[in-house]
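**Q** Here is what each chain is made of, one letter per residue.
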Amino acid sequence: MGLLSDPNRRRALTKLLTRLNAPICVMCYLAGVAWFMGLAFEPFTLRTYMSENAMGSTMVEERFPAGERALATGREFAAHKKKVGGMPVDWLVKTMQSRGLEVFTQSFTRKLPFPDENKERYMVRGTNVYGILRAPRAPRTEALVLSAPCSEGNNNNQAVGLLLGLAQYFRSQIHWAKDIIFLVNEHDLIGMQAWLEGYHHTNTTGGDWSPLQGRGGSIQAALSLELSSDVITSLDLVLEGLNGQLPNLDLANLFYAFCQKIGVLCTIQGKLQRNDWDTTSGYSHAAQTMMLMVLKQASGRPWGDHGLFLRYHIEAASIRGINSFRQYKTDTTTIGRLLEGMYRKLNNLLERLHQSYFFYLMPSLSRFVSIGYYMPAFGLLAVILLLRVSFHLWDNRGFYFYLTPSSPGVLSILTPVVISHMTGVALYTLPILSQEMAVQHFPVSETEAVVLTAIAIYTAGLALPHNTHRLLQGEGTEEGWRVLKLVALLYLAVLLGCTALINFSLGFILALSLVPIAAFITPHTPKALSAAIMVLLSPGCTLLYCVFVFQELQETPVSLQDGWMLFLSVISQGILDHALYGSLVYPLLALLIYPCWLLLWNILFWK
Amino acid sequence: MLAFILCELVYVFVTADVQETNQVKDAEGQTHAVEEERQWEATEVETNLSLTDTPSDNEADHVQTYDIPPPPPAKYKIQEAAEEERRDSLETNIVDVPSDKVAHVSDTKKTLDDPPPPPEKDRFQEELVIRPLHSGDTYARNKGKEFDLKLYLVSHYQLFPKSLGQVILKFSVSELHISFTQGYWRTMQWGQPFLLSPPGAELWVWFQDTVTDVDIAWKELTNVLSGIFCASLNFIDSTNTPLGVGNVTDQRFLRSAVLPREIVCTENLTPWKKLLPCGAKTGLAVLMNSEKFFHSSFYSQALHITPVCQVRCMYIQSSDVSWELRQTLNVVFDLHSSGQEWSLFKMFSRTLLLTEACPLAFSSKVYVDVTDNPQVSNLTLATPLLSQAVVLEDRRTYSVYDLTNQATFGQTRSLNMLLRWRAAENMLRPLLHGERYVAGYGLQKGEIHTLVYNHHTYRAFPVLLLDTVPWYLRLYIHTLTAPASVATTNPVSYIHYQPSKDRLQPHLLEMLVQLPPNSVTEVTVQFERALLKWTEYTPDPNHGFYVGSSVISALMHSVVAMDTNSTQERRFSAESSYFMWVYTEPLLVNLPTPDFSMPYNVICLTCTVMAVGYGSLYKLLTRTFQVEELGIRPFQCLLRRKQSIFCRFQWGEFTARRGSRSQQAVIYL
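So the protein lines, in turn, are chains A and B.
The UniProt record's numbering numbers the first residue of the first sequence as 1 and each following residue consecutively.
The UniProt record's numbering numbers the first residue of the second sequence as 1 and each following residue consecutively.
Just so you know, these hints were derived from the structure itself, not from any lab.
Cβ-Cβ distance ranges computed for the label pairs, FRET-style:
| id | chain 1 | residue 1 | chain 2 | residue 2 | range |
| --- | --- | --- | --- | --- | --- |
| 1 | B | G442 | A | L591 | 18 to 24 angstroms |
| 2 | B | N405 | A | L350 | 48 to 54 angstroms |
| 3 | B | L621 | A | P557 | 53 to 59 angstroms |
| 4 | A | R326 | B | C230 | 54 to 60 angstroms |
| 5 | A | C541 | B | T538 | 50 to 56 angstroms |
Think of the CB as a built atom: it goes at the ideal place given N, C-alpha and C, for glycine as much as any other residue.
Construct the entire structure; sequences and hints are all you get.
**A** Okay, here's the thing in structure tokens:
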């Protein structure tokens, strides 16, 4: 380590860093992107394997026979649902009780901050019904959950039917060492949130629910079942949960293992696995799957009913039946056997699932990229920020910039920082607060009012530099913007670093768009061009691109018009996710990322 | 469809003093009628005592050997607490017993078969009670059944197991209760249980006051018992033995512990069977088929050793005391799959036939609860006696089969019976019910919620909540709250809290809570999860750590006695109050756990970071470097590449001589 203590060598090093700063930064950026894209290349990834011993060697026999009966129950459920016009609580209670479960209900009400136009709901009132299958000779310390949503229309009736069928079948078995909770939740995630908060007696988002009467101890794992047709072609596994949390990889392995064993087609992100990794199309297929996962994870929203379990350290996944035009069909009995096998193995667990990875990306269901492999991609991007810090810290000869007596006061640095954050706070709070006023004065609905207010505040922030300067005394100095830029760079580095640790995808996408502008923005660059680039790479526009890319990857491309509408609805969903489930992406963007971008915007217009 | 069968085996050994039998001899030669009368007197006295709490000496010569209920561990304290409560509170909780009810109860008692006479020598009784269980679900179509298998025995080292007798003498044990339970008693589905025990293993011991070092005796006793019962009782140490339980008689000599993790299986049943005089060879014990028992929904075996004398003999010298050993076994069978029909053959194995009573048994009886299901067909065509009992204001009818009577076995030389049941009306809701769970998420803090239900429609009563929490959950006792679902004024009238000591002693919390009628009281207390030392984690740390059940005990006032399930006569006496207790679920709490799967990586990483990263950084931060201006400037050396090695050597020498020159350029890092 004599490197740093030798002033000459150090100076040589800093000289190198400052002279070659821009090329190194560009190299790092390209290397980061290339590394990320390389992750989808099969030879670079690892094959999934079962880490948990309790689920590995213990083979179970699946004998669930009653698929047809389950479908009949599902039809009966559908009829009752139609008759009642919602959750057929009485029927469900009676049916579960006749299957030998301890049945409890939970009612909940929830008033959304503004109407959800996607799902057409505002005042939500519902009831969850759950039955507990008590394991013999178990002291109620551990439980597993199987849930199926009671959805509007004709959706998921088969899921509820299969759930009840499995409950009946499980009741007659003697293997169970953990209580099994069969939950039918109304109003999908809102019901699930109410149930989970009731179960753990927490209240993070101000919902109103009645306390639960029966419990089964600490929940070890949960599966959410979505099934809307009698036969399916494939099962899709959904892993992405709230705030980009993922369940332990062993849960995905378990699903994959049983799909292989029973012979069911399985997909992730709706994409089948391909074997031709060495061809271009094979690689692009894997890359698309991985990109979809990254985009879904970055959104921070729960992509299935399982998503809310993850907060409570309960490993959970959604299993979604897909019926496409393929010839090969799988019937309900087979799905029942698959679920039986999974639950039997989860029942064998001696500890919580902890052996395998919690941070991973999946380019296909049998391949994964662990945190150790994908983090360098982010690291290469983040190091650019530190390189730029060094660039602004040292001059060309490798000496520090000394602060001269004319260096800017704290006030001139603090003012833009504070004003940017005030704008962020306004962006965070005002859309919901001012929706009534907006509705009164403009011909828009509440939802539109919220989204348009958010966009208006976001755009208004662009005018800030001029206003900031009015507050400052005199002209901004050369040192002034350098110090401000140092602050902004360090701030962004810390922000992105923390974000990437929690939610790699979000951190990486933000780094992709923010790092270039943070690295190269100065007051001396051409104003118009830089401003245009900055706006195009701002967080809001990044979100817009993500919407288009996501649609493209899902093979449902949208027109510009539809894309814009989708963009608006994504914003409203993001705000709703935060209000309803405590998703952190919206506050992160509004309170931290956006002000940071505004600081960079300030630097561009520094006078 | 719900169907459960409970099977209980109760073994009671009463020995008239392992050393002397003079007490028993007193009872010899008395006529049956007198015995019965005396028994009645004794019962009355005891009833009075439980109300007035004043011992009467003139009854001291009565030896009541066979019907001392195994005192529940918390009984004394709750009695005292409740009495205290009674004195303190303005509204009296004592409810006058309606006279007609008392008369009825007395009648009921007289219709029971003859109360057994006091022991002349050691005596052994065995008893099996079968009762269908109510499911408690209003909509359930099928109800379960309950089995009660009770065996009583009285012994004098002929019958009393020597292994236990020696333990009692060696460790000067005054009273001992040990139970092994697998499963949780579902009070709301199955109703009020028999002598209840918490999931796992439980041990309560009172030592005699002659013991000088109770802790050592306790330690040795647990090890001995763990050998006798093939159980992990040796895991009992000071961290799960709460000291200083407040409301208890003679707390200095009391030691108790619960091991909620203990798994109970056949290896615990076998030594328990060996304590019986007939083993599992004959008598009711032939039904003890471990394969069947461990396919049940609930399994609990217990052993209670109590001194038998007047009413309480806590202070009596051991030489005056005779011992009662009661072994009980409760099993609930799930008849979900086998339909609405039950028979002895079907329930137990066909190869194990009930063909005779244990020859050593004084009495050997089978009781079948036929209150809701009169369709019992005795396949051996023996006519059972009918007896009645009233439990929780619920009248119960039993048909009784006496195994000592050969006619019971009929032509086939084996007893079998068939029970068909129909959906019974709703079960009486249990008056007292408790639940517990851990609230919150994350690995830093949490909250223990204990819900205590009072289902009585109009009567409030106090309960004593006893909670033992391991030290690694650091209770924030200032967050303790106990709001009831209906408005009351300060339901908690007494709190005894003993804080934990890390790695030494658990938390002990006792609370006297007044439960308003028809209410739920939710006692909550927050805790912080401690970070253990890495050697203190169990081999499966991600499974979680257990917190034992808390005990909710109450002195209930009722016109009828509680133990309706029991066939013992005294239980049906006209007590105006009875003692009951329930257990809550044990808790499984996750503690912050390091990733033990990669200890090697962790060690390597830590060492590397410490040695390389921190060390050099520290050096760089703290050392000041001084560059001396000398004839040869160091950077010139760098330029002259050929001599660079030499220059580096020189550079080292120059710095070694630092401080000797006046011209210095100081660079601060």
